[in-house]
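These protein sequence lines map, in sequence, to chains A and B.
The opening residue of the first sequence carries number 1 in the working numbering; numbering runs sequentially from there.
The opening residue of the second sequence carries number 1 in the working numbering; numbering runs sequentially from there.
A couple of the hints might just be wrong.
[Unchecked claim] Taking lysine-lysine pairs in the BS3-like style, the calculated list, with each CA pair at most 25 Å apart, reads:
#, chain 1, residue 1, chain 2, residue 2
1, A, Lys179, A, Lys319
2, A, Lys401, B, Lys82
3, B, Lys12, A, Lys79
4, A, Lys280, A, Lys319
5, B, Lys12, A, Lys76
6, B, Lys82, A, Lys399
7, B, Lys10, A, Lys77
8, A, Lys190, A, Lys338
9, A, Lys319, A, Lys282
10, A, Lys400, B, Lys82
11, B, Lys82, A, Lys398
12, A, Lys343, A, Lys190
13, A, Lys356, A, Lys343
14, A, Lys4, B, Lys160
15, A, Lys399, A, Lys77
16, A, Lys77, B, Lys12
17, B, Lys10, A, Lys76
18, A, Lys79, B, Lys10
19, A, Lys77, A, Lys398
20, A, Lys84, A, Lys398
[Stated by the list, open to error] Per label pair, the in silico range of CB-to-CB distance:
#, chain 1, residue 1, chain 2, residue 2, range
21, B, Ala118, A, Ala23, 27 to 35 Å
22, B, Ala62, A, Val94, 43 to 51 Å
23, A, Ala389, B, Pro128, 40 to 48 Å
24, A, Gln44, B, Ala62, 23 to 31 Å
Worth flagging that the hints you see were computed from the coordinates, not collected in a lab.
By construction, the Cβ of each residue, glycine as well, lies at the ideal position given by its N, Cα and C atoms.
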Amino acid sequence: MDCKEFSNLLDAFMDGALPDAEADRLRAHAAECDACAALLALRQDCRRVDEETEVPDAFLSSWRRMIQEETMVEEKKRKQRNWKSWAGIAAALVFLIGGTMLSRGGMPPRSAALSKNTASGDWADMAAGSSLSTSYRRTADMGSVTNFAYDDYAAPMEAEEASEMEYDAAEVENGGQEKKIIRNASFTIKTTHYEEDLQRIQDLAGEMGGRVEYLSSSGDASSGQTRSASLTLRIPAEALDAFLEGAEGIGNVTAMTQEMEDASDTYYDIQARLETQQEKLKRLQAMIQSARDVSDLIEIESAIADAQYYIDRYTGQLKSFDSRVDFSTVRITVREVKITEMKEVTLGERIVNGLKNSMEEGRYFLEDMVVFLVSVLPWLLGLAALVLAAALIIRNRKKKKENKQP
Amino acid sequence: MEWKPFSQKKRKSDFEALAAENERRVYAVCFHMMGNREDAQDCAQETMLRAFRGFDAYRRDASFSTWITRIALNVCVDALRKRRQVVSLDELKDEKGWDMPDSAPGAYARLEQKERMALLREAMQALPPDMRQMIVLRDMQGMSYDEIAQTLALPLGTVKSRVSRAREKLGALLKKSSELFSSTSV
Numbered sequence: 001m002d003c004k005e006f007s008n009l010l011d012a013f014m015d016g017a018l019p020d021a022e023a024d025r026l027r028a029h030a031a032e033c034d035a036c037a038a039l040l041a042l043r044q045d046c047r048r049v050d051e052e053t054e055v056p057d058a059f060l061s062s063w064r065r066m067i068q069e070e071t072m073v074e075e076k077k078r079k080q081r082n083w084k085s086w087a088g089i090a091a092a093l094v095f096l097i098g099g100t101m102l103s104r105g106g107m108p109p110r111s112a113a114l115s116k117n118t119a120s121g122d123w124a125d126m127a128a129g130s131s132l133s134t135s136y137r138r139t140a141d142m143g144s145v146t147n148f149a150y151d152d153y154a155a156p157m158e159a160e161e162a163s164e165m166e167y168d169a170a171e172v173e174n175g176g177q178e179k180k181i182i183r184n185a186s187f188t189i190k191t192t193h194y195e196e197d198l199q200r201i202q203d204l205a206g207e208m209g210g211r212v213e214y215l216s217s218s219g220d221a222s223s224g225q226t227r228s229a230s231l232t233l234r235i236p237a238e239a240l241d242a243f244l245e246g247a248e249g250i251g252n253v254t255a256m257t258q259e260m261e262d263a264s265d266t267y268y269d270i271q272a273r274l275e276t277q278q279e280k281l282k283r284l285q286a287m288i289q290s291a292r293d294v295s296d297l298i299e300i301e302s303a304i305a306d307a308q309y310y311i312d313r314y315t316g317q318l319k320s321f322d323s324r325v326d327f328s329t330v331r332i333t334v335r336e337v338k339i340t341e342m343k344e345v346t347l348g349e350r351i352v353n354g355l356k357n358s359m360e361e362g363r364y365f366l367e368d369m370v371v372f373l374v375s376v377l378p379w380l381l382g383l384a385a386l387v388l389a390a391a392l393i394i395r396n397r398k399k400k401k402e403n404k405q406p
Numbered sequence: 001m002e003w004k005p006f007s008q009k010k011r012k013s014d015f016e017a018l019a020a021e022n023e024r025r026v027y028a029v030c031f032h033m034m035g036n037r038e039d040a041q042d043c044a045q046e047t048m049l050r051a052f053r054g055f056d057a058y059r060r061d062a063s064f065s066t067w068i069t070r071i072a073l074n075v076c077v078d079a080l081r082k083r084r085q086v087v088s089l090d091e092l093k094d095e096k097g098w099d100m101p102d103s104a105p106g107a108y109a110r111l112e113q114k115e116r117m118a119l120l121r122e123a124m125q126a127l128p129p130d131m132r133q134m135i136v137l138r139d140m141q142g143m144s145y146d147e148i149a150q151t152l153a154l155p156l157g158t159v160k161s162r163v164s165r166a167r168e169k170l171g172a173l174l175k176k177s178s179e180l181f182s183s184t185s186v
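Based on the sequences and whatever the hints tell you, model everything.
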């Protein structure tokens, strides 16, 4: 073996990978060659240095203690990071929820009143205790003055009170002549049973011997509109009070007005004029027999025509007065109403309604939150870009400072 | 210890088990690199700390031993740079007037073992860190060239050439110092 071969085999010899025969040859060469012997000694010393290196007990315990301390530090940092994370999440939630609330303009009403249209409704007869109020205005003016109305705030009209205002249109005497009193009335009915009450009014008019002179109705129940109707009824004067009394039981009668007009003077004045014209006609008809010539005849005929004209006119006026005296005109407005009433609900219903409302409100709130987020997104992105840029600048400065340090 | 996948919850116990199997090697590498017990202990502790902190990022494609040895070498090289006590051969030549005559071979082998060990430690401290670590890994720790290549993330050929150069340097240092020791002891 030469020195070159020795050098090539030395690594394998030190690793124990050389066959025994080769190892013997290598040792034999080292025994003869001082340089190779030094090389072998150096390699062996290197291994020995490592084998003789004693690991101090202080190191064996200290690194374990250090790891334990490091674990505690990391745990503490983790808790701080968690706390910061939770604080960040809380801040984000406050921002999100607060922003959504402010952008919604406040919460919707906590409860909605129950509302029913009587056309399709199934409850709330307008009995006593409903929220609707009824009122009548009273202006008292008795005697020959024609207009008055009565007020039943306190109570429906008492019989004796009503009798003070009641007129017997047929039999009140005034200087031997029959009084000609014209009575009219008007009132409004508010009802939750529109169709039913409208029919009841008409039926009542018929029962009293009256008739419907005019009827107009408006509103579309199918589209939720409230309906109203205007009626003009002709009620026999002697049955007017009974009719008005009967009408009070239909719906809620409001704003009733009665008018009374004493047309006696005018009536009899016209009657007198009629009689005059009738007398005049008789005389003119008698004068025809004694007419001397054609011109007289023509003149008489002309006068007869004039008289006839006035007779017809006065007769018509008297008939109109008679009609108005015999039949009172009653104008009625029927209005359909919707009642807003807070219906009492049971605890179970309240719980169910509360759950439904909260689910619905939650859905609306989430929708509003999405809208809010999208609307502020450009601002958030801008802010994030600024924060990122600042963080990069700070980090670069720190790196430069660290690199400069020795 | 058989390698087992670690979980975050068992991170500390898993690390301690693996580190315990390599604590001697870590200390020995640090001792050979730094040359004294105090610096060796500091570097070994720093190695353990760095390894623990980086344990989550440790990948299983390299053995734990290789991985922690690399950390130990990096710690020692960093410490040596800070210490600035690396003495190059040129510096030795300038400072102490040593030359490298091609003097009588075998002087090293004729010294007593105790004397040789002392000279060897001194000569090791005179090597630059990059050469020193080659001697530590190959000749002292007995790692194979493949293991060294994996530890230092170097090509195999580079490892072999660096080991060869390091040996030459070390031999030259020892040859001269052996003669000086022999002459003084005589």
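A quick look at each hint next to the structure:
no.	hint	verdict
1	Lys179/A / Lys319/A	holds (15 Å)
2	Lys401/A / Lys82/B	holds (17 Å)
3	Lys12/B / Lys79/A	holds (17 Å)
4	Lys280/A / Lys319/A	holds (21 Å)
5	Lys12/B / Lys76/A	holds (15 Å)
6	Lys82/B / Lys399/A	holds (19 Å)
7	Lys10/B / Lys77/A	holds (18 Å)
8	Lys190/A / Lys338/A	holds (10 Å)
9	Lys319/A / Lys282/A	holds (22 Å)
10	Lys400/A / Lys82/B	holds (19 Å)
11	Lys82/B / Lys398/A	holds (20 Å)
12	Lys343/A / Lys190/A	holds (21 Å)
13	Lys356/A / Lys343/A	holds (18 Å)
14	Lys4/A / Lys160/B	holds (17 Å)
15	Lys399/A / Lys77/A	holds (23 Å)
16	Lys77/A / Lys12/B	holds (16 Å)
17	Lys10/B / Lys76/A	holds (17 Å)
18	Lys79/A / Lys10/B	holds (18 Å)
19	Lys77/A / Lys398/A	holds (22 Å)
20	Lys84/A / Lys398/A	holds (23 Å)
21	Ala118/B / Ala23/A: 27 to 35 Å	holds (29 Å)
22	Ala62/B / Val94/A: 43 to 51 Å	holds (48 Å)
23	Ala389/A / Pro128/B: 40 to 48 Å	holds (43 Å)
24	Gln44/A / Ala62/B: 23 to 31 Å	holds (30 Å)
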